[in-house]
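There are 2 protein chains.
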Amino acid sequence: MGTKPRVSPKKCQDHTVTFLPFDVKVVIPSNTNLLDALRKTTLPIHASCGGKGTCGDCVVQIIKGTCHSKASASLPQKILQQGYVLACQVNVEDNLTVKLPEFEELSIKSSIDSHFLETNREILSGSSDIDPPIKKLVLTLPSSTLEDNYSDFKMLEFEIKKRLNINTLDCEYSVLKNLAHSIRENERKVSVILLNIEGTWTVIEVRPYSSKHGIYGVACDIGTTTVALHLVDLKNGKIVSSASSINQQIKCGEDIISRISYAQKTERLQELHDLIILTINNLLDKAYQSARISPPDVYYLSVAGNTTMVHLFLKLDPRYIRESPYVPTVNRAPVILSRDLGLKMNTEGRVHCAPSVGSYVGGDILAGLLCSPIVKQSQKVSMFIDIGTNGELVLGNKDWLMSCACSAGPAFEGGGIRCGMPAMSGAIEAIRLDERGKIDYKVIDSGKPKGLCGSGLIDLLAELFIHGYVDRSGKFNKKKIKDKLIETDLGEGFVIEKGSMSFWGRDLVITENDIANLIRTKGAVFSACSLLLKNAGLTFDQVDSFYIAGGFGQNLAIENAIRIGMLPDLERDKFQYLGNTSLIGAYLILLSERNKDLVNALERMMTYLELNTEPGYFNEYTGALFLPHTERELFPSVERLVNLK
Amino acid sequence: MGTKPRVSPKKCQDHTVTFLPFDVKVVIPSNTNLLDALRKTTLPIHASCGGKGTCGDCVVQIIKGTCHSKASASLPQKILQQGYVLACQVNVEDNLTVKLPEFEELSIKSSIDSHFLETNREILSGSSDIDPPIKKLVLTLPSSTLEDNYSDFKMLEFEIKKRLNINTLDCEYSVLKNLAHSIRENERKVSVILLNIEGTWTVIEVRPYSSKHGIYGVACDIGTTTVALHLVDLKNGKIVSSASSINQQIKCGEDIISRISYAQKTERLQELHDLIILTINNLLDKAYQSARISPPDVYYLSVAGNTTMVHLFLKLDPRYIRESPYVPTVNRAPVILSRDLGLKMNTEGRVHCAPSVGSYVGGDILAGLLCSPIVKQSQKVSMFIDIGTNGELVLGNKDWLMSCACSAGPAFEGGGIRCGMPAMSGAIEAIRLDERGKIDYKVIDSGKPKGLCGSGLIDLLAELFIHGYVDRSGKFNKKKIKDKLIETDLGEGFVIEKGSMSFWGRDLVITENDIANLIRTKGAVFSACSLLLKNAGLTFDQVDSFYIAGGFGQNLAIENAIRIGMLPDLERDKFQYLGNTSLIGAYLILLSERNKDLVNALERMMTYLELNTEPGYFNEYTGALFLPHTERELFPSVERLVNLK
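Chains as they are written, first to last, in numbering that gives the first Met the number 0: chain A, 0 to 644; chain B, 0 to 644.
Calculated from the structure, these hints are not laboratory results. Any given hint could turn out to be false.
No copy labels: a pair is met if it fits in one copy or bridges any two.
What the hints assert, rightly or not - In silico lysine-lysine, DSS-like type, Cα no more than 27 angstroms apart, as pairs:
1) K153 to K314
2) K343 to K314
3) K176 to K314
4) K285 to K63
5) K176 to K264
Here chain A stands alone, though its shape is the one from the complex (with noise of 0.2 angstroms):
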């Protein structure tokens, strides 16, 4: 007998790293560096020092796995023991789950609950009464004898349309493979799921009766940089449970125009609608947990997000929106079935896309309306602007509707940004400069910050404009603020807060770089504003009111909008901050078949202004890239302010 061989798997050995919360994963040979694993993804993480361990940019979280973070790191100890590393300061041994800390789930605030009643109590005004597209019936069915031996469905059918008091009813297939017993299993008392398709009701479940069994729908916001949803009992309209994320298709492209380059090959088209399926059914998962919920018992689905994301959501090739005459392929969608599109929802669940006007004004927009008054005044005219990481805007009234868009940029939703970040836990959502550029803000769920939302940096943008610490072209003024400002790898930034007192340990800086982007931003807002009132033959003071929606955070300060040339300077009464209209849009047209209506009568109503073959915008837009602007008498408020200092 010989003996056997020992084998030895002294094989060099590969590890696989996943990185969330994209679930991305990457495998590598033993000891590659972190970041280098990081950049063989498509993930949007940059490290402005190269490498070195310096910048902080890198920073992640390990889940799972052992691994050995470099002493050179910066990290503050505090951090390091909850599991944070700079990516750049570790080899790979082990197999390893990371978190990108900065795409953690974004909060949103419960206030949108009172932000929503506040704004939606007209709209909503004699609807006490809520009118779901899914209805759910408990009947008992009378038994049939031998004279009256109608077919289970009759039985159904007759006491549906007595009960509804309808003349047609129609059915799905899928009711009547179970109906005989689902009828019989509880002695003839059956829990019905009924569906209105314009003013159709069909049957689209009936069970046996059982009380634990709710009726449940989804409102879900699609931005090209956010997701957010909630989950709403339709007995009575109450949100039971919220959820909110990067819209994971981030690493395709950072907004609509790299995301449509993106999709030009089929398979990416199918993998950034992969990516909005995986992103939205990631945020059901959390939302049912929290709520105690299962996906039966969730039957609509309500979606309002601008033109490309829905388009890439139905999986439509959005080529065409980029193209002249930039035709999407269709703007009222039909009713889709949540399992044609992979939805962890009922089989039977439904699907409806808010309508859009055209390319660059979608549906998100049109629900967003539904949040305002705009729709209901008659002679008032007021306009409607919403930013994202493109903007769009609304002006008119009941009668008659104008709207155009704009690239804004992801500036305000922390993109393009060093120091910026969504509106979710740690960020800087106020910031105030005393007259000694003593600094003072206040922190979402409070705590050590880790870098500033939209409203925070334009907070930020007109306080150093305003205490002269930037000029009117959004450069630094050395010689008030020299010993704020420090050298970066970018050039010099001005410091908001040190690395000791950051939650990440680096220093929040705003550099000069950023600062043109947050001009070009508001610049494009201001001048599409200007054009579109100059189209419809109106100054800004003909306007009534100005309603404005978008990802900022939850306050965003109008007065400082306004110096930094944002808003124009009118009474700050005349503007109202409305939150995320499209995820409220969105709740409404699931809440009510009439506001479904009003949204389909909108997109009917509305006509579109093309900005870009406007001969106007270029030199609207240029005189908007100054602080206010470069026609001062525009901001006389902000002058006198400036000029008082």
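Please arrange chain B on chain A, whose structure you already have, making use of the hints.
Just chain B now, kept in the frame of chain A:
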């Protein structure tokens, strides 16, 4: 270095035997008898001699694999050469593919067309324009401009509405998915497929225009024993090919009741469902091949079948059809996606099932009524009699309709009769005896006879009775035909043809047992006619016309059907044999939405009489179990003839 061990696989070997056309597989040890292998399946093959090689019942054809038939096989040499063997005489020593020749494809005679034209000119009159639920439009869409940059779908919608002169248009989600490319691939020229459901048109497909792209529909009769279909060009209503076969469910039970029993377990309902889908898909394949058409060009399937067959086709539990108070799940199923049933058609294809009146009067009858003038007549009263495995009767006119059903049994389709077979190639379809007992017969497609189909059996029984070879109770008059009788394992039998002259080389024989079966069937039909009339307060001579439908074969001899007492003894010109009305009815529904509406109206107006609970039923039935009837005065012309002989 050692020597490799020689692996010698001398284990007990298994063989796989595949039985066609059912594609049923069994794995058996080498040397198993082929008849025993057959018995392991549920295929309806019996060997009345018990496997001695004498009865010839177990004849099969070897399609693939080698086998040696024992020398004792009683098949003619010529038949043996064609690969036919007696299963009981073969021991399996190879993997075999075996065809059960009794179940090979049934032929539908092209004469159905002339039948159809003859009987339906009235129904179709004034409708030379067909009006199918599927329409194709060829459109060239205008180009979008910057000023009118309508979405692709809006452009399409506008053109369709203009062309069809309609206000509402629905759209399937799948259409949108490739719309942008379909429009642009062939310079904005597209083929559009539209579906009409209850007056609302839905776009179900848009392709770049190609002249090769046709639109086809299928009419299908799902019988308990046989399934038949026509492939129809929906541009002109022309039947381009036809196919028919045994219903593969037959291995799970020969009649409706045994199928329902079989389906009691869930997996078996699935099995029955799969078998009918397989049967239809095989027929579709044949029809497509013969017409050189591909599945994506086929958009609609119009089905007619009895209530149980439709339930199994739709995978609905048929259990309560059989249990008092005999309720089906549904009478009028919604139009269903063909992909939900796994049918080989366009993935957006639709399936319509003719509605049923109740558990025992199905869509086959309602569709069949379209083929008779009964529903057009106002004062006259007619009777429609459809005899398949079940018998269904309808009495009335365009103002009122009354129906009932009886368990006729499959005798007239060849079931339960030793020499019986469906009306396919090789069946004796007409037979005559002369005074000296000499037999003259006609074989479908000529050649040596394989057995007798329904019309042949009716002829045979009538001739035997009229010539006094069998008495009124169906017993042989042994004195008169002593020389024609031989001994069989089931008692004495009358020889129709000797083995040397028959296709299978075995005697074609009818026994008293077979005759009793035939008498039960004809008795059930006559007593049902009789009771239905009594319930309507009418007598036989008040009925103006009798329309006979069923799978007897092409030439049912009305005279002989009266002589055996199946049909009443009235003027012969009152009777008309219509053929397979279920299939023609499905075809008429496919051709025209008006026919669909008419069938739906028939469903609503028809009342159903439950014979089982009728007090007089048993008496009526037992009275009819004689030739022609216990009450001789009911059949005066038959009595005159009998007395004459």
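Within, between, both or neither: K176, K264 at alpha-carbon 27 angstroms: between (40 angstroms within a copy, 15 angstroms between copies)
Between copies, within a copy, both or neither: which fits K153 and K314 at Cα up to 27 angstroms? between (39 angstroms within a copy, 18 angstroms between copies)
Within, between, both or neither: how does the pair K176, K314 come out at a Cα-Cα threshold of 27 angstroms? between (30 angstroms within a copy, 6 angstroms between copies)
At 27 angstroms max between alpha carbons, let me know whether K343 reaches K314 within a copy, between copies, both or neither. The answer is both: 17 angstroms in one copy and 25 angstroms across copies each meet 27 angstroms.
Evaluate K285 and K63 at a C-alpha cut-off of 27 angstroms and name the case that applies: within, between, both or neither. Only inside one copy: K285 and K63 sit 21 angstroms apart there, 58 angstroms across copies, limit 27 angstroms.
Hint compliance for this structure: every hint is met.
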